[in-house]
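Trainee: Using the supplied hints, reconstruct the complex from the two chains, each of which is provided in its own coordinate frame.
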Amino acid sequence: MARLRGDWTVLGLLRHAGALAADLPALRADATLQWDLSAVSRLDTAGALLLWRAWSGQPPPLAGTRPEHRALFDLLAAGPAPRRARRVDATASEKPAVNALQASFVGLATHLLAVTALAGQLLLDALTLMRHPGAIPWRELSANVYRTGTQALGITALVGFLVGITLSYLTARQLQNYGADIFVINILGLSIPRELGPLLAAIIVAGRSGSSMTAQLGVMRVTQELDALSVLGISHTLRLVLPKVLALAVALPLVVVWTSAVMLGGGMLAAQAELGIDPLRFVQGLPAAVPIANLLLGWTKAVLFGGLIALLACHFGLRIEPNTESLGAGVTQSVVVSITAVIVVDAIFAVAFSNVGL
Amino acid sequence: MDGGAAERPASAVAAPPALIEVRGLLTVMAGTVIHRDLDLDVREGEMLALIGGSGSGKTTLLRMLLGLEVPAAGTIKVFGHPLGRCARIDLECVRHRWGVLFQQGALFTALTVFDNVALPLRELKSLDPGMIETLVMMKLTQVGLRPEDGAKMPSELSGGMIKRVALARALILDPQLLFLDEPTAGLDPDSSKQFVALIRALRRELRLTVVMVTHDVDTLLALADRVAVLADRHLIAVDELAKVARLPHPFVSNFFMGHLQRCEGQGLAGFRATLDEAGGPA
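Each protein sequence line maps, in turn, to chains A and B.
First residue of the first sequence? That's 107 in my numbering, and the numbers climb one at a time after it.
First residue of the second sequence? That's 4 in my numbering, and the numbers climb one at a time after it.
This is chain B alone, in the form it adopts within the complex (with noise of 0.2 angstroms):
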């Protein structure tokens, strides 16, 4: 049975407390806004999902919230650290708290798999290599991947281990606040479905926070508990997913189309509960 927050219903607890804050974001890029006064939370234990138009700053937004590109007004706080003008032992503290999944997966293409994954442990300089062995192999077991794969380098992987590879690498430190972009992306519906029921399995496994871009709405299905919708420089809607697809936004109408039965209450959770059985422990 699935323990996620939005499987709950909504009123039956309060509002848990928000890891992430965006208050009056201004971004400007090339002379062009790309939002304008947006404000965001994202709760402890949910798992949001982003969606927009291409070119709407999805993958912008997603780079402010980890501290790659800089507002031009507007905070964001992150586990309570505002970044950008924190010390830079904060921030460090802040990044040992989170794993990213980038889009291409972004391994060191000059490091095997298991070099990688242990990258981060490394980077503590507190564990023993016996330690960190252990830690780096048990974390390739739960993403699906065999032992022997550890040894190989990344431009000898498929598009779905790389992907593996890459959420290992994510979820080596245990962190609480997981951002992927576009995890499903460039995968075929097969490996998509596995990749959509491990990333399920694992954030029942670790009770992680998530926050997803995505333009796929199989992926948003299967994992959203709300959905951000960014549209016309601003988040139009952030609710949930039976909520937000009924929103009368010719974006949003199009991008559930024909769609619409499986995000209520029956069909999503079959259609999740066939996702659980399908992948099934890897």
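Bound conformation, chain A alone (with noise of 0.2 angstroms):
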């Protein structure tokens, strides 16, 4: 006679699960021996199944068992339980031939093809605004102006005041070795305004209003705010991506006069403990150095930026399906293929403009 007692529940099986799963067999080969489950207190399904499967599926002459236990024994014998279904990826299944380097690069096809249609369509957005002149939303614009650029001046100043003095401290040092001191307005003039300025106030402005705009229409697909609009006749694209994409390219430039201006205030200070150039002497030689054809490049970049971190947030937003794993997924993407963008289009514009300005 084997008789169990005790309670033969997951967490009470814990400890001797090890212990248990070598002796029940053991006991079980005997085939004529006697089980006694009526001293067990507590069975639950998992100690049910430990014995089901100690006893191979096949159930020993019972010398007693509790009612409500045997009910989980019916349930065993009843049959096995289903095995698990994977989980079939719609699109794995429907192109097997299709390799991951293939299907990166439909992936960014299809990018590549949305983001055009989304612009063509801000485009006849447009036309449609010009032609009703009455239906142009300067509230949101304005909105988006003041969110994007007003409150983007505190962090562009710090991250430009003190990447202006880096700037300006490392090349004071090489210069000073040859004597060229007062070349430091020329290096710092040509860069940053050109280049530095545009490219430093994307990267943060792809940084904090990309992400937000993304995660806003993220979040107003997950509320079904979209539909909503969608309902009340009002266009998503012309309501909440075109004030979107004008408002930035508007307040890019401006945020890059901003930053351009506290990067060479810090580069000038920097000049001044350095090398002892007098803050004055700089300011004067600046447009003496510096071509006004890197300002107007520089504020073009600004604007196309801006229009294009814009543009690739609302992407990648409208995109964003309605659960929260899309939405982190989205916001990632949006940020880091913006700065990317940015930074692409800032190479192509260095090589073809190699002969403007310098």
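Don't read these hints as lab results, they were simulated from the structure.
Just to be clear, a hint being listed does not mean it is correct.
Listed next, the stretches of chain B that the computed footprint assigns to chain A, with coverage defined by at least 3 CB atoms under 8 angstroms from CB atoms of chain A [stated by the list, open to error]:
hint	stretch
1	51 to 58
2	62 to 76
3	256 to 270
Residues from chain B that keep clear of chain A, each with C-beta distances beyond 12 angstroms, as calculated [claimed, not checked]:
hint	residue
4	Arg26
5	Pro85
6	Arg98
7	Thr112
8	Phe117
9	Asp228
10	Ala276
11	Asp279
Keep in mind the model is a prediction, meaning the values are calculated, not measured.
Ideal Cβ positions, reconstructed from N, Cα and C, are used throughout, including at glycine.
Mentor: In structure tokens form, the structure reads like this:
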């Protein structure tokens, strides 16, 4: 007679699982041995399954069981639980030949296509607005200029100031070696308004405003606000995307002017401390050292960067599915892609305009 | 006394024109067929309830009727305009003639209650602020909200109030057609009864045609004139409540289990009368 007692539950068996797994089948090997389960105080599904497995699905002669426990064995006797189904990826099963590289190209192509379509729709919307100037969403525009521009002034100033100081210190040391101290004005004056100001401001704004635009649209998808706009006959692109793109294209050049100015200010202070260049002389030297084309080039890039960041942010925002995972992934993608795109466009500009303003 | 179409004998009047016409609808999502050969007419002035098991595609069908999803095949006409392939201006006209109450309300979380309800009016760009304010406050009172609720943000509202605000927004343009997606889901029994009584009262006042998705028997009994049952990828029945309730289909018999008596003429009229009295003017 094998007599079981105590708690045969998942918690009660935790410590004895190993020993029981060895002992129980050994007991079951004697086919005539009677099993008495009437002293088992508690039995749960896991405990019953442990016994059932030890019995290899063939219950031994039972001397006694409680009725409430017998129901569990009846459940196990009814047949094995169905095997879990693996999630079938619809896209993978449709095109088994597509490998990872091809898939990423296809993904890139669909994104490019969708962004182009979105940009085209924005162009159409802009034309509609030109014909109906009353429908221009001024409130959204100004709200977006405030959020993406005015509210970014603090952080861009701080970062710009520090980068300006760093840059000035590093170049000052090198220039001192050649006695070419005064050229620090040329180096800062050329690199900041043309290259560093727009790039730095764009990267900060992409991280700040790009992510918030994507998240805003994504949450509106989750809360069905986008659907609510649709059924009211309000166009998503005209009301949500276009104001963001236009506002950032207006705000970013202004932020760039501000960031560049603060950067030059930082550089100027560092130049005074390190090289003893008088701030007045620095300011007077700038116009002579920097052709005006550099400023125009910097602003053109800033307009383009602004539009691009907002366009990509909205593209990823509108693609967000109504679940939390998709929201996180969408925001990450948006920031990474827009910063990459800004750097790529900047590189194209650098090559295309290499003989302008230098 | 109730003037709804179902309370009159069906044979006494000719069938009113259809506001919504669905023909041969085929819906495919993620490789699975959701609807096949689905036909549906929603007649003017009626309250049509759409019921079906979970996963039967009720919400998807509603989204199709709203033009939020595009069918794989088939046509959907609302007010005689085919959805999906008509000019945008046409679609805008259609959208000014319907109101939608989403399941979670879908209030614009960045706007106050007042601004939420005022948004459809402001979109018209032709009303002066004073008129908008009067219209919004009238509508808020009509759905049983106090004037001071207008200044609240959606995040400060209870579930029942969110539904009321969403209903006010759906009705602000005095539409002919109202869509309700699970109007009483997530409400406690008391708020649910009040909300149903409110919809009944508004429907009488505004002569609305209503399409409603629901899984709540009480809501269905209180509101529906006709019931469309979605099962096995198409509508297995579109008929009056009492007839649908006796349909020999496993889903239908489970759905109405224990409620059959209440679906008959006397029981139903009595239930609706008590509801109207209890709900009263909010």
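Trainee: Could you tell me which of the hints above the structure violates, numbers in ascending order?
Mentor: 1, 3, 6, 7
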